[in-house]
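Sequence lines, in order, name chains E and G.
The numbering of the first sequence is the working numbering, which starts it at 138 and goes up by one.
The numbering of the second sequence is the working numbering, which starts it at 138 and goes up by one.
Hints were generated in silico from the structure; no laboratory data involved.
Treat the hints with care, as some may be off.
Pairs count within a copy or across copies, as identical chains cannot be separated in the list.
To be verified - EDC-like mimics (lysine to aspartate or glutamate), calculated; alpha carbons at most 16 Å apart, straight line:
no.	residue 1	residue 2
1	K287	E337
2	K177	D219
3	K209	E329
4	K352	E243
5	K330	E272
6	K199	E332
7	K199	E256
8	K296	E152
9	K155	E339
10	K209	E243
11	K199	E267
12	K287	E329
13	K177	E191
14	K215	E243
15	K164	E297
16	K216	D168
Owing to the predicted nature of the structure, the values given are computational and were not obtained by experimental measurement.
Number of protein chains: 2
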Amino acid sequence: METKNRRCMITFPAEGYKKPLVMYAVKLGADKVILLNPEKSCMSLLSSFGINVEVKAIPKNKVSEVIISTLKIISGAKKDYDEVRMLLLPSNPEVVIGMYVACCIEKVKADTISDTENEYFNLPFFPFAEINEGEKFILTKIIETGKISKRNLLEKIKKEGSYDLLYSRKSNAIFGEEPVLKQLQRMLERLEKLELVSREREGRRFVWKPTSLSKFMFD
Amino acid sequence: METKNRRCMITFPAEGYKKPLVMYAVKLGADKVILLNPEKSCMSLLSSFGINVEVKAIPKNKVSEVIISTLKIISGAKKDYDEVRMLLLPSNPEVVIGMYVACCIEKVKADTISDTENEYFNLPFFPFAEINEGEKFILTKIIETGKISKRNLLEKIKKEGSYDLLYSRKSNAIFGEEPVLKQLQRMLERLEKLELVSREREGRRFVWKPTSLSKFMFD
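Excised from the complex, chain E in its bound form (with noise of 0.2 Å):
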């Protein structure tokens, strides 16, 4: 039985990041790279590191044939490698944009370059704010109701019997009321924070309300 070949990078190559480039896939290990547009400098030196190098010229100025092409490539690359990864460069915002929504669909890793060229940064998969299950719940309930009181929160929270999402510990002892509203509010604020949720007076109450961030990426 033949061993499978581990690693594999798609990128596309960009004008004076040949450097980083080849630094990252020598980092990874990659035994193979995919470049998405013909760089001739790029394919010898990666070469010279003994990397298999493969081109593979995509579309540049639609974005949906940048995501589509680029989704055929990303699977039949899956098929042949354990690991495939992801180098996003600075480039033509189609296909920046394009390889992106790619990466989120098939859920392939993708990096950037810092400013430096010292450093990767990971991106982050739509829809980008990483909220946990609870906080996802209530956010769900404020989008649907459009504007709702903390207080009636929590009632609709009892009602669906998902009482349980108000607790990061496992407990099972019985809950006054006054710790699940405390809980509920940092929630909520942390929603805030994060742009997610906003609050609002209205009369001698708060309401709080989606923002168009969150009904964009939730709704």
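Place chain G on chain E using the hints.
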């Protein structure tokens, strides 16, 4: 009563794109340009055209922060201007992706420049694929069922009383099944061309399945 200012352009200036940036502002007839990164030479050139320039620097390293800052700048600009436009130039992936997402949320038209720098292209809003109501309805049914034959799809459409979605022209005539099936076939083929559904032989018939692209975009 004061007249509302007319056009505001927002952009993140990129090295080597000073000329197309200024040309875009002039062509647009922008009264104001908001630069998301200070770029002295752009500023003075724009000013020499009588365009009001403001710098509102945004963070560049995290997609979510780029989105949030850009959203704020867009809503501010929308209050003072009739039209807000974005010019997306080649830049760090975090900046490009974040600015693009902000445009999709706020429905602000975003343009890019062609390689020759003489033409501007409009970027479609996410989810990119432009499909009509009928096609969207059919796609949703295919995603819901996982896979379905054309005949079963037609049955489903009939049951839900959405038969009229299969006609482009309004008509009171009673149609036989043949022309309806033909229209359904046409819609399926269009969705297939957009890589939103795929066809698979199952025994003596074909079934239609969603693709990873359509599941990501419309599910």
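Here is what the structure says about each hint:
1. K287 with E337: within (12 Å within a copy, 50 Å between copies)
2. K177 with D219: Classified as neither; 27 Å inside a copy, 47 Å across copies.
3. K209 with E329: Classified as between: cross-chain Cα gap 15 Å, same-chain 39 Å, threshold 16 Å.
4. K352 with E243: Between copies, since 11 Å is at most 16 Å while 24 Å is not.
5. K330 with E272: Only inside one copy: K330 and E272 sit 12 Å apart there, 39 Å across copies, limit 16 Å.
6. K199 with E332: Only across copies: K199 and E332 sit 14 Å apart there, 31 Å inside one copy, limit 16 Å.
7. K199 with E256: Answer is between; shortest inter-copy Cα gap is 14 Å, intra-copy 30 Å.
8. K296 with E152: Neither: 58 Å inside a copy, 57 Å across copies.
9. K155 with E339: This pair counts as neither: shortest intra-copy Cα distance 57 Å, inter-copy 48 Å.
10. K209 with E243: within (10 Å within a copy, 31 Å between copies)
11. K199 with E267: For K199 and E267, the Cα distance is within 16 Å only across copies (13 Å; inside one copy 29 Å).
12. K287 with E329: within (13 Å within a copy, 46 Å between copies)
13. K177 with E191: Answer is within: at 11 Å inside a copy they meet the 16 Å cutoff, but 41 Å across does not.
14. K215 with E243: Close inside one copy (10 Å), not across copies (36 Å); limit 16 Å.
15. K164 with E297: neither (50 Å within a copy, 56 Å between copies)
16. K216 with D168: Within one copy, since 14 Å is at most 16 Å while 53 Å is not.
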